[in-house]
Structure formats: structure tokens, C-alpha cells
Amino acid sequence: PFFFPSKSTSQDLLSVILEYVSLFSPLASCCFADVRPYLSLLLTHTTFSTTKNDDDNCILSLLQHAKTTLHEITSTNSKEHDDKMGRKQLRSYICSIQII
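To convert, note that position 92 of the sequence shown is 101 in my numbering; the numbers rise steadily by one, no gaps.
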């Protein structure tokens, strides 16, 4: 079985996932499918408990990123954007919903 040698490795993986999602979710509707195996790996090998620890921060960071993206998209005035921008926002929105 795969294991993370350190807490920093899970944080590094999270950083790469979030960077990828930020770059590609507006451009490709398959973005979530691309990161799904890595999210699964990350979540399988981290623990979530009621006490604060690095794993909690990793999971909470992932959820916070998705929530922030959703908030940014829903708070923008859609009349100010063209169809192309609307499609980009919709793809980002769908990816964020799938992460949550």
C-alpha cells in the first residue's frame, strides 16, 4: 500500500492539486476527473479528527479552496461577462461542487 512518508508530502500534493484545479478548471470540464485519483489518494491517507492536526488542515484547505471558488463565481455579476467567461465560470463551479 502507498503511504505518505511525511506530513509535508500530503501538503505538497494538496498544493499541486489546488494549483492544477485553479489553472485548468476554467478551461476543461474534465479537470475533476483528472484530479479525482489524487484527491482519493490524499483523502485516503489523511485522517480527520475533532482535534487540530496537519491532516485536518489539509482537508480543510481543500474544502476552503472549493468554497472560495464557489463564492467568487456566484458573487460576480453575470451580465458583465460574455458567454466565453460564463462557460469558464461554469466549469470552475462544477469542478468545485464535485470537490466538495
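Note that these hints are calculated values from the structure, not bench results.
None of the values given here were measured: they were computed from a predicted structure.
Just so you know, even glycine gets a beta-carbon here, dropped at the ideal spot from N, CA and C.
Just to be clear, a hint being listed does not mean it is correct.
[Stated by the list, open to error] Simulated restraints, written as ranges between beta carbons of each label pair:
| # | residue 1 | residue 2 | range |
| --- | --- | --- | --- |
| 1 | LYS97 | ASP21 | 34 to 42 Å |
| 2 | HIS54 | LYS93 | 34 to 42 Å |
| 3 | LEU52 | MET94 | 16 to 24 Å |
| 4 | THR18 | LYS93 | 14 to 22 Å |
| 5 | SER38 | SER84 | 20 to 28 Å |
| 6 | LEU79 | CYS39 | 18 to 26 Å |
| 7 | LEU79 | ASP43 | 15 to 23 Å |
| 8 | VAL25 | THR83 | 23 to 31 Å |
| 9 | ALA37 | THR77 | 37 to 45 Å |
| 10 | ARG96 | ASP43 | 12 to 20 Å |
| 11 | ARG45 | LEU99 | 17 to 25 Å |
| 12 | THR85 | GLN107 | 31 to 39 Å |
Against the structure, the hints come out as follows:
At roughly 27 Å, the beta-carbon separation of LYS97 and ASP21 lies outside the given 34 to 42 Å, and the hint is violated. Between HIS54 and LYS93 the beta carbon distance is about 39 Å. The supplied range of 34 to 42 Å therefore holds. LEU52 and MET94 have their C-beta atoms about 32 Å apart, which leaves the hinted 16 to 24 Å range violated. For THR18 and LYS93, the Cβ-Cβ distance of about 38 Å falls outside the hinted range of 14 to 22 Å, so the restraint is violated.
Separated by about 22 Å at the C-beta atoms, SER38 and SER84 satisfy the suggested range of 20 to 28 Å. As the Cβ distance of LEU79 to CYS39 is approximately 19 Å, the hint placing it in 18 to 26 Å holds. Checked against the hint of 15 to 23 Å, the pair LEU79 and ASP43 passes, with Cβ atoms roughly 19 Å apart. Taking the beta carbon of each, VAL25 and THR83 are about 26 Å apart, inside 23 to 31 Å as hinted.
Range check, ALA37 to THR77: about 20 Å between beta-carbon atoms, so the 37 to 45 Å window is missed. For the pair ARG96 and ASP43, the beta carbons lie near 18 Å from each other, so the given range of 12 to 20 Å is met. At about 19 Å, the CB distance of ARG45 to LEU99 agrees with the hint of 17 to 25 Å. A hinted range of 31 to 39 Å for the beta carbons of THR85 and GLN107 is inconsistent with their spacing of about 20 Å.
In this structure, the hints that do not hold are numbers 1, 3, 4, 9, 12, in rising order.
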